[in-house]
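Asker: Next come the chains, spelled out residue by residue.
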Amino acid sequence: MYRSVAEVDLECQPRYSRRTKSEMSVNLSTLEALLQSKKLGNSLVSPQTLTGEHVVSTGVSDLDTALGGGVARGHLSEIVGPRSSGRTSVLIAMLAAATSRGETVALIDAFDAFDPVFSQAAGIHLPRLLWIRGRQISSRMVTYRIDQVLKAAMLVMQAGCFGVVAVDLIEAPISAIRRLPFTTWLRLSRAIEAKETVGIVAGPVKMGRSASGRSIVLETRYSAKWSGRTLRSRIFQGIDIDVRVESTRHPFASVHLSARHQHVGMV
Amino acid sequence: MFACLYQPSQSNTVRLGSDNALVDFAYEYSPRVEVHGRDLVVLDVSGGKHLWGSAHALGEQLRRVAIDRNLVICIAIASTRMAALLMTQDQCGLTVIPPKTEMKALSPLPLAVITRLWQAQSSSANMANCKRGQLRTASTLAAQSLPYVEPVIALLPVVKRWGITTLGDLAALPTHELFNRLGRAGLALQQIARGEDRRPLVPALEKERFEETMTLEWPIEGLEPLSFVFEQVLGKLCQHLDASGMAVSMLRMQLTMVSRDIHERTFRFPVALNTSKVLRTLILLDLETHPPALSVDRVTVIATPVPTGALQLSLLDRAVPPAENFTTLLARLEGLMGDQRCGTPVLMNTHKPGVFEMQPFNPKGCFSPLNQTRVGAGLVPVFRRFRQPIAIRVVIEQGVPVRVVIPYPCSINGKVVTHAGPWRSSGHWWMSSCAVWDRDEWDVEVNGCGVYRIFLERKSDCWFAEGVID
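Each protein sequence line maps, in turn, to chains A and B. Mapping of the first sequence onto this note's numbering: position 183 corresponds to residue 183, and the numbering continues sequentially without gaps. Mapping of the second sequence onto this note's numbering: position 7 corresponds to residue 7, and the numbering continues sequentially without gaps.
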C-alpha cells in the first residue's frame, strides 16, 4: 500500500522542526541523488547556475550584465526580433566570443544568408566554424527546408562536440515557424541537456527555450546611424539596438547596445 | 645455407634487365631475402635440398637462369652470409664454400674486399623503387648501425700498416691482443675476416596491402543486406590495421555489379579511423545518397593506411570529443544537406563581393585555445547576404534612389530615407565574361524596413539587392 504524499508530510512535519542543518543537507543530497538516478537531474537548480558559473559570455559586456553573466551552457536560448534589429549581429558576436575562447562552433544557416567576410571582421575565427548551409529562401519548400535544418540541428546538438550551436531561422516566415510543434524546441533542449553546449535559436518570433535559457528580444526596429555631412561623404556607421532579456529565473532586464563598424564604412 | 647474388656495377659490366631484376630473381628462390641494395642480395636457401639438390646444383641453376635472363651476376653459397658476401666481391661466376671451411676459403682474399663490400652496399642501398614496395635494406658489416661501420672501415689502414694484407692474416691474429689494441671495432673487423655473422638474417618485408574482398554467392541489393557484408569485410580490415598499428586515412570501396561494372566510391577522412563500426556507418551513409545501379555480387574495400596518431592530452585543455564522432557527424550532415553544404568557409584573395570557398571541416587543432580575447569587444553590424542577388525595382530621382521595391522574401515597397553611395566596384575584366563584375553599390535605409545594400549591374543596367544589415 502506498500512502499519499499528504500523509507522509504530516508524519514528517513534527520532526522537521527539530532537524539540524547537517541532516537537511544529507536529505537534500539524497533527494538529488534520487533525481539524478531517475535522469531528472536537470530539473535541479543549483546555486552555481543561479550565480552564473555555468554561463558563458556573449562577447558583449552590456548584454552579459543584462543576462546575468551570459547564456547558459546545456540550455537553449533564443534571439528574437524583426528585420534589421541586430539579431544576426548578436548571434555572430556570441559565435565570435566562443571561437576566441578556443571553442568550436556550429552555425546551421537555414537559408544560406551567412556572410563569411563580415563575420570574420566581427571576430569569428573561421577555421573553428562548422557552417551548415541550407538553400536561399524561396516561396516553395520552406517547410521542408526548416524541417531539414532542424534535423541537422538535432544531429549537431546530439554530437555535443561544439561550444555553441546556433540555428539561424531569421528569414523563416512567421507562419512556417508557428506551424512547428512546440515539441520541436523541447527535443532540441533535451538534446543539449547536461552538455557543455550553448544552444541558440534565432528567429523573427519567440519559439522556445530551456528552463535556464534566455530570450534575447530585440524590441524596437533598427535605428541606423550614418556619418558624413554631405551626400558624397555619407557612409553607414551602424545600428542602435534595444534589447530586453527574458528569463524564468531572472528578472527582466533591458539594455541599449550600439553596433558599430570597426572600420570606416562597410567592409 | 645462404646464397649471395651480386650484380657488379654498371661501370664494370653492362646492366641488362630492369632495376629490380635481381631482387625479383632472388624472390623466385626464397621468401627470405635480405636486400643490401639494388645489386646485392642474400637469400636464405636452407631446407631447399629436396628442391634443388646440393648447394652446387642450386648454384648452377641460379647461374643458368641468370644467364637466360641476361643477368651478369656473381654467386656465392656459404653457410654464413658474411662469407658469401665477401666471396662475391672477389670471385666472379659461381663459388660454393662447404660448411665450416669459411675461414679457409676467405683467407687468401685481400683486405680490400671489405672496402669493396662496403662500397657495393653504400652505392646500391638507395633502392626506393623496388617492385615489392618499401623493402627494408640491411647492412651486414655492422648490425644495422651505420655509425659503427665507420670505425671498422677506418681500422683497415691501421691493420695494413701492421703488414697484414689478407683476410687470413687478420683472422689469425690473437683476439685478446687485438681487442687490447683496437677495441670492439677490432673484434668486429676480425669477425668479418673470419666470415662470421654478427646477427641473423633480416628478411625484407613486403609492403602490406590493406585490402579485403568478399565474393557473394548470390547478388544482393539494398542497404540492409550490404551492411552485414560490410560488417564482416570491414571487421577483418580493421583487425588487420589494428595488428599493424595503422588507421585508415582514405578508403576506396568497389562494388562489382552483376553487369561487371564497378561502382566505386572514395572516402577521405579528416582524421584517421580504425573502427569498423564507424567506417561501416560512413559507407552506408554515402550509399544512401549514391546507391549502386544494380545488384552487387562482390565487395572490395581498399584502405590507405597511416600510422595511428598518438594524442597528447592536457588536463588544462577542454575535453576533446572522439574523432569518430566528428567524422560520422559530418557524413550524416552531408547526407542530409547535400554535397558541399557543410564545411568551413575560406575567404578568397579577391575584392569580388561574396566570394568564398567551402573546405571540409577539419576538427584537428580546433580545440586549443586561441591567444586572443574578444570578450567585451562590442557589437559589429553584420550583413545578411542574399546568396543569389534579388532583382529589384528602384525609382531614381536626380541620380539617387528614392524608392525601392524588393519582392519575396523581403516583400518591401518603401521610400528611401537615407542613402550612401554609389561606390563603383569592378574586376575580373581580364577573365571570361561570367566572372566579370562591374557595378555601382548603394547602402539605402528603407523607411521602417531596414538597411539594404543594393547595386546597379552596369552591363545589364539592372538593379539587385545584395543583402540586409541585421
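One should not assume that every hint holds.
[Said to hold, decoys possible] Derived pair list, reagent style DSSO-like, types lysine-lysine, alpha-carbon separation capped at 27 angstroms:
no.: 1; chain 1: A; residue 1: 225; chain 2: B; residue 2: 352
no.: 2; chain 1: A; residue 1: 195; chain 2: B; residue 2: 277
no.: 3; chain 1: B; residue 1: 160; chain 2: B; residue 2: 207
no.: 4; chain 1: B; residue 1: 415; chain 2: A; residue 2: 225
no.: 5; chain 1: A; residue 1: 151; chain 2: B; residue 2: 277
no.: 6; chain 1: A; residue 1: 195; chain 2: A; residue 2: 225
FYI, nobody ran anything at the bench for these hints, they're computed from the structure. Just so you know, these numbers come straight off a predicted model, no measurement behind them.
Asker: Against each hint, give a clear statement of whether it holds in the structure.
Answerer: We went through each hint and held it up to the structure:
no.: 1; hint: 225(A) - 352(B); verdict: holds (26 angstroms)
no.: 2; hint: 195(A) - 277(B); verdict: holds (24 angstroms)
no.: 3; hint: 160(B) - 207(B); verdict: violated (43 angstroms)
no.: 4; hint: 415(B) - 225(A); verdict: holds (17 angstroms)
no.: 5; hint: 151(A) - 277(B); verdict: holds (23 angstroms)
no.: 6; hint: 195(A) - 225(A); verdict: violated (40 angstroms)
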